[in-house]
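Protein chains: 4
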Amino acid sequence: MKIEFNSEREFDIIAIGRACIDLNAVEYNRPMEETMTFKKYVGGSPANIAIGTSKLGLKSGFIGKLADDQHGLFIKQYMAGVGVDTSNMVTDQKGHKTGLAFTEIKSPEECSILMYRDEVADLYLDPSEVSEDYIKRSKILLVSGTALAKSPSREAILKAVQLAKKNDVKVIFELDYRGYTWASKEETSVYYTLVAQQADVVVGTRDEFDVMENIEAGSNEATISALFNHSPELVVIKHGVEGSYAYTKSGETFRGHAYLTKVLKTFGAGDSYASAFLYALITGKDIETALKYGSASAAIVVSKHSSSEAMPTVEEIEKLIADRSKEAVTNQ
Amino acid sequence: MKIEFNSEREFDIIAIGRACIDLNAVEYNRPMEETMTFKKYVGGSPANIAIGTSKLGLKSGFIGKLADDQHGLFIKQYMAGVGVDTSNMVTDQKGHKTGLAFTEIKSPEECSILMYRDEVADLYLDPSEVSEDYIKRSKILLVSGTALAKSPSREAILKAVQLAKKNDVKVIFELDYRGYTWASKEETSVYYTLVAQQADVVVGTRDEFDVMENIEAGSNEATISALFNHSPELVVIKHGVEGSYAYTKSGETFRGHAYLTKVLKTFGAGDSYASAFLYALITGKDIETALKYGSASAAIVVSKHSSSEAMPTVEEIEKLIADRSKEAVTNQ
Amino acid sequence: MKIEFNSEREFDIIAIGRACIDLNAVEYNRPMEETMTFKKYVGGSPANIAIGTSKLGLKSGFIGKLADDQHGLFIKQYMAGVGVDTSNMVTDQKGHKTGLAFTEIKSPEECSILMYRDEVADLYLDPSEVSEDYIKRSKILLVSGTALAKSPSREAILKAVQLAKKNDVKVIFELDYRGYTWASKEETSVYYTLVAQQADVVVGTRDEFDVMENIEAGSNEATISALFNHSPELVVIKHGVEGSYAYTKSGETFRGHAYLTKVLKTFGAGDSYASAFLYALITGKDIETALKYGSASAAIVVSKHSSSEAMPTVEEIEKLIADRSKEAVTNQ
Amino acid sequence: MKIEFNSEREFDIIAIGRACIDLNAVEYNRPMEETMTFKKYVGGSPANIAIGTSKLGLKSGFIGKLADDQHGLFIKQYMAGVGVDTSNMVTDQKGHKTGLAFTEIKSPEECSILMYRDEVADLYLDPSEVSEDYIKRSKILLVSGTALAKSPSREAILKAVQLAKKNDVKVIFELDYRGYTWASKEETSVYYTLVAQQADVVVGTRDEFDVMENIEAGSNEATISALFNHSPELVVIKHGVEGSYAYTKSGETFRGHAYLTKVLKTFGAGDSYASAFLYALITGKDIETALKYGSASAAIVVSKHSSSEAMPTVEEIEKLIADRSKEAVTNQ
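Chains as they are written, first to last, in the UniProt record's numbering: chain A, 1 to 332; chain B, 1 to 332; chain C, 1 to 332; chain D, 1 to 332.
This list has only true hints and no planted wrong ones.
Since copy identity is lost for identical chains, a pair holds within one copy or between any two.
Computed list of lysine to aspartate or glutamate pairs in EDC-like fashion (alpha-carbon distance at most 20 angstroms, straight line): (1) Lys136 to Glu10; (2) Lys39 to Glu27; (3) Lys59 to Asp168; (4) Lys165 to Glu129; (5) Lys150 to Glu186; (6) Lys185 to Glu213; (7) Lys304 to Glu109; (8) Lys165 to Glu10; (9) Lys150 to Asp126; (10) Lys150 to Glu119; (11) Lys285 to Glu316; (12) Lys94 to Glu129; (13) Lys249 to Glu288; (14) Lys304 to Glu318; (15) Lys94 to Asp118; (16) Lys185 to Asp210; (17) Lys185 to Asp126; (18) Lys94 to Glu186; (19) Lys285 to Glu252; (20) Lys150 to Asp118; (21) Lys76 to Glu34; (22) Lys94 to Glu119; (23) Lys165 to Glu186; (24) Lys166 to Glu221; (25) Lys76 to Glu129.
Since the hints were derived computationally from the structure, they do not count as laboratory data.
Based on the sequences and whatever the hints tell you, model everything.
Right under this line is the structure:
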């Protein structure tokens, strides 16, 4: 099965949601309280995906709100610099700040993140700042779940999804769950269910699907059975080192395997996975191949220091896949 | 066309949302600042509809949150007294208050309402307090738009709609727009659109549909054309004294006429209309007849002092229709 | 001892703080959930004192913020009607509402009050709306403790006290504690202590002084010992039916006795007490006599239906004192 | 004139308020959006003063609230490491974050700061966490104005001042104005006036005193004339490169001159000034000498990268004063 995209569209993908700052520990292998220096990168799941797909050669755009300060300016300049269209990135006028993520790299197994998400500019994106004219120029609208955590960003996302569906733009929903900003698990479940039912492709970890269903230890079968009653055509459920499963509405199941690599830190894996997976789908590859692209891209990013700057090129991905041809994807 | 309901269900209708207090001016024909005495009634659109349908002989239930004080107690006792099932009306534990509506009756044309809606208990209904077991015992879930205005009531409603659709419960969406508690017109439009697209029947005034579409002076044709791409089977658009239009997905249009009456005040008309209209649909009457029931019920309530206590019986409605048989409903 | 006031001043007293609506049960001797009709009066401690002193013939003014609706208009018209200067009562422009107090009159011993104090206009009085030119025209600034419960009203009061002290205006602090709007007992204690130390006269019940000191069952001796290290010259501590004690910085103690009366309800007693007590002080009576005036005024108000409209005249007070001459005040 | 301190006390100084993180640009002479690496230091005016006085050999303590994360841990470890007593630094349990200050060092004249002050832990210090037993062990309570910007920190400070005055602890008020967190200029003026009137020593820039008085271009004469009607014995008003003036209640005026130095950045100057000035007063030096110590300490800090780590020793200060003996303080 292949997902069909509207080939007339100028943009391959428009991502919506947060664009933030990562402050990554320069000194490794120690707790953050002993880390004295931090290096600055653009971060935030949908921003990383816009950057990642742009570096893979797709035409990407971004809808989001930036702080009116040096951090906001840096993000806009960086994203424009790697080719992302920033014409729909608006600047906050009410003193909200850029979200921050300080990373601690104690060991490959222990990577914690200290988030600054109070009153951040990205959550103040207003529905009036979401343009139908812009969205309808794209094949894909990429929605990340965190942007649903607070009003008015929540309503901006819901409006964007309504506009995408009205204009034949495929909606990709990356669950991207961050407990920090949500009022309750019930609240998360309501909005995740709402958007997942309207999306064409849903991507997340098994844990994130459990959050969506407000249950513990849910099964992939129950998840896809419920979702395929609604809009989704393709559901990708990631199980960490065990690899990932892609389910299609027509009944196929594909399994993708993780590529072993020397891990520096774990964050950034999901966004690089999504970027390469979507790149493969958009360029007409089949789902098995897309799963390989996703895994290869993730393997490259977890071995490097940043999430955004480390996003690989097509050549790097394809080289890794070729080198590891025995770590295959099997159609079960 | 007739709407089909699941005949196995114990409840005809479960309404969800606010149950409040109306404080109606005892002295008429003067501005409120000169009104010295107020009489207390239960109010709030979905509470009025639960009461109205119960007085018409239907089995009604209510999901909502009440203040933990004498006003909350009065509401629960009154609703139980007229036969509404109050088993799913929960009591707030955080000091929130009962919503109030002081009414001013200057003249039949000038009836203003002074609302107390800050931090009211009904808007604190939590999604965890919405029970799937309860909702699936009903033919209909009646949702009123005001309950979407604030979290967590908003999420409670969205969850109730998800549960209703999952369990073959018809969703009736009464737009019931009150500007007071909404953050912006964009926000209202997003949630009204969301719920209307998922509802089976949508009822509102032309002005309320304009709010839903975030436009001025919209047309019924555009409204139904957009909605019939989604779940709705029946859309009722009210045009005040000009009467109302009922549109079906199968392409029929019905017009209902208002019955002339001696008007004391205008509020309460919409809720009595909805009660009798739904009563007629549930008891298997056709849409033309349901429109007459709605108009007759509204005509009775606007001639009386309250909204809830004035809800008519079936006999009163049928007598008025018989008396006014020349004020007909025409299938256009 | 007598308190000396600046005799050059145009106003005898300017009160600052809340002016609200009381909705008093028309039907007595029943719980509020069975009360169906409510009568409207002006309420709120400082408003009652402005009204009470004006009815006693003093020149009173008021600083406060009113809702921009019919309730706000009623308050302004009523207060102007009884002679209070309303030139410094500003109208809120942000949709805040008038505070409400529904009263339940079950029996003389059981009178509860159901308060609406969320987002009320009076607590939005801004320091920029407090005029030095106005305050310095008065002998007395009457501050009620409840106005300290929330910003910006809190800052408006603190500024008014600073301006009063700068301009030789006596500050009377009526503790008037209402737990409802305060964040914590610690918070109340901090601001009550701050204003009490700067006041010239402090008036409250023993319970209210305990709140100020954040202790249980405090002693009058400890209270006055701490306060007389600061500005206060006179401290009045009320002990309910046991009567009240007035302490002067110069070391005198006076005891006032309550006049027995047929009690309808207990609320309003404190404000009528303060009005008459201040009237007596301002008109040059000694403290013993002022205590009698206070007790007599309270006895009259508790036998009537309202707090504001029931405020007595000088003749009524003096007649009651003459009639009850054996219920004396003794200098201990 | 010399300020007399209670010589029996264990602590020389207890500071109260914020302890935060400075993230100073590692790369200089460029705008912050082009700065890619940041170095972490403890920051916040009262924390800097506790650190500065401790490094000068005084016994310092600190009252404040820290985030329950790696940044909070770093601050506590660092302050304990330089000898500050951290027994009254409490850890927030509600997810609040450490305040941040990103510094931009474009040039010695252009040093901007990007503050993260939303929902920070230090502003959640509760009055219940301020201990009378701790405060009364100190000669001095050092209060910084920023801690008055929000509740409950505001009430914690007001309580601390009440306890200090009750227990013969000198109150030093460092105005330390940061516009960011205040609701309005009126609000700042109310609380600055309140605390300044109760303090023994008030220190600030001319601009900060203008904020306190809510005027533009105020005069030192008017400032001291108003303050000396209340508690202050000593008022220090800083005029930047023109130097500073110290006024005593007994009528003396002293002028301190700035020491010229090679400036790297301007921030940190005020805190190092206050640390050395207070050190000199506490160790019994006269006011002229204290002004020199303050200026010398400021000159040293502005030539270095951090505010806290750069705090000089007594030897460094005295060496600079000796080297620059011709840049004198004159008694005018």
